[in-house]
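Given the sequences, and given the hints that come with them, work out the whole structure.
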Amino acid sequence: MGKKITDHVTWVGKIDWELKHFHGDELSTHFGSSYNAYLLRDKKNVLIDTVWTPYDHEFVAHLKEVIDLKDIDYIVMNHNENDHSGALPALMAEIPDTPIYCTKKGEMILRGLYHKDWHFVNVKTGDTLNVGDNTLHFVECPMCHWPDTMVTYADKEQILFSNDVFGQHYATESLYDDTVKLCDVMHEAEKYYANILNIYNPMVKKKVDEIIGMNLPLKLIAPSHGVIWRHHIDDILKRYQEWDVDYQTNQITIIYDTMWQATRHMAEAIAYGIQQQDPDVRVVLMNAVKDDKNDILLEVFRSKAIVVGSPTVNLGMTFAIAGILEMIHGMRFKNKRAAAFGSIGWGGGAEKRIQQRLEEAGFGIITDPLKVKWAPDEQAEQQCREWGKVIAQS
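Residue numbers (my numbering): 8 to 401.
The set of hints was computed from the structure by calculation and includes no laboratory data.
Keep in mind it's a predicted model, so treat the numbers as computed, not measured.
Do not rely on the hints blindly, as some may be mistaken.
[Said to hold, decoys possible] Dumping the calculated BS3-like pairs for lysine-lysine here, alpha-carbon to alpha-carbon at most 30 Å:
| id | residue 1 | residue 2 |
| --- | --- | --- |
| 1 | 71 | 51 |
| 2 | 27 | 297 |
| 3 | 51 | 27 |
| 4 | 11 | 226 |
[What the hints assert, rightly or not] FRET-style restraints, in silico, Cβ to Cβ:
| id | residue 1 | residue 2 | range |
| --- | --- | --- | --- |
| 5 | 217 | 354 | 49 to 57 Å |
| 6 | 352 | 245 | 49 to 57 Å |
| 7 | 24 | 75 | 25 to 33 Å |
| 8 | 131 | 374 | 46 to 54 Å |
| 9 | 31 | 103 | 24 to 32 Å |
| 10 | 121 | 353 | 55 to 63 Å |
| 11 | 28 | 134 | 34 to 42 Å |
Virtual Cβ for every residue (Gly too), placed ideally from N, Cα, C.
Here you go:
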């Protein structure tokens, strides 16, 4: 069931076409995903990463079709989150004495998840493992995206096994970047970065710059999710260098929720005012209830400013706006500005609470919150347009 990617390396992972949500319900995966594991056969045989727990016995059974498990000399675990280490208990039940190469924090995580006293070998940046024609070079990449993460470079094969770095949630049986729609893959890679890695972008930048600075000959970048990069290696490296530096484009995103359409009318009038003032800026409107939350975060990632609005409910904002603001706060976006607005009835409060959360999330506040009482009339809609112009001017 394996798929050869070089004479010595076989993909032995799992394509998960059915996956629609990941990390519980925290991340949407519209294109499915894959859990990529790799078998390097040299004078010594090395398994690099495994798959998620629901597919553990399936993984072991298919791996047996490729190699006698007793012939696996080493296991390299680049990162030990459940989607990569989940099959280890089933595998180690068959080959319990096989050394597992991982970082010191990787061992801590594996012990915490599975409570097994396996044969761990801790490695750090600069350590190597000679397996014959290939020498494996280990580079620690803490917080890309867990503290245990590392990448592994096979020098003879010229393959960087990068785990989550350069990955995307994208299912394809054909494995490679040049066999699918590149625009879809790049979209998913950007969404992955915005939702998973952006919070740690200083550390991601440091490690990507370090990897690029090593001038490694690269025939393949083989991540743990999505496509293997072979024709667009320079493109994904370049995109990471762009995303790593507090990324923004000429875009303003308006995020809103609405009960009786008043806040929606405000959002649309604000968008009109922004566009009137600056026809070149891209304005995106996102309904926090109807639009996917991770797609909203992607648009925030792309934006130089965001505008967030909610009707007042029980002196505060709606559940959906509170939730998306909590996610925005968690991503630690930098070098972005924001403003708040809301529709009110007999009492307000949502717009002030939204501004407070935006400030707490590190956004520079453009102007005072805008509020409109009851349904906006023509005068109120013009007020929203003028407020939108202020946003654009800033």
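Check your understanding: Are residue 51 and residue 27 close enough, with their CA atoms no more than 30 Å apart?
Key -> At roughly 38 Å apart (the allowed maximum being 30 Å), residue 27 and residue 51 break the hint.
Check your understanding: Measuring from beta carbon to beta carbon, are residue 131 and residue 374 in 46 to 54 Å?
Key -> Once the Cβ atoms are compared, 49 Å apart, the range 46 to 54 Å for residue 374 and residue 131 holds.
Check your understanding: Taking 55 to 63 Å as the hint, is the beta-carbon distance of residue 121 and residue 353 inside that range?
Key -> Holds - the Cβ-Cβ distance for residue 121 and residue 353, about 56 Å, lies within 55 to 63 Å.
Check your understanding: When you check the alpha-carbon spacing of residue 11 and residue 226, does it fall within 30 Å?
Key -> holds (15 Å)
Exercise for review: Could you tell me whether the CB distance from residue 352 to residue 245 stays inside 49 to 57 Å?
Suggested key: holds (50 Å)
Exercise for review: Can you let me know if the beta-carbon spacing of residue 24 and residue 75 is within 25 to 33 Å?
Suggested key: holds (29 Å)
Review point. Within a Cα-Cα threshold of 30 Å, do residue 71 and residue 51 meet the stated pairing?
Key: holds (17 Å)
Practice item. Note whether the CB distance of residue 31 and residue 103 lies within 24 to 32 Å or breaks it. Key: holds (31 Å)
Exercise for review: May I ask you to test the hint 34 to 42 Å on the CB atoms belonging to residue 28 and residue 134?
Suggested key: holds (36 Å)
Check your understanding: Straight-line Cα separation of residue 27 and residue 297 no greater than 30 Å?
Key -> holds (16 Å)
Exercise for review: Could you check the hint for me, namely that residue 217 and residue 354 are 49 to 57 Å apart, CB to CB?
Suggested key: holds (54 Å)
Hint compliance for this structure: hint 3 alone is broken.
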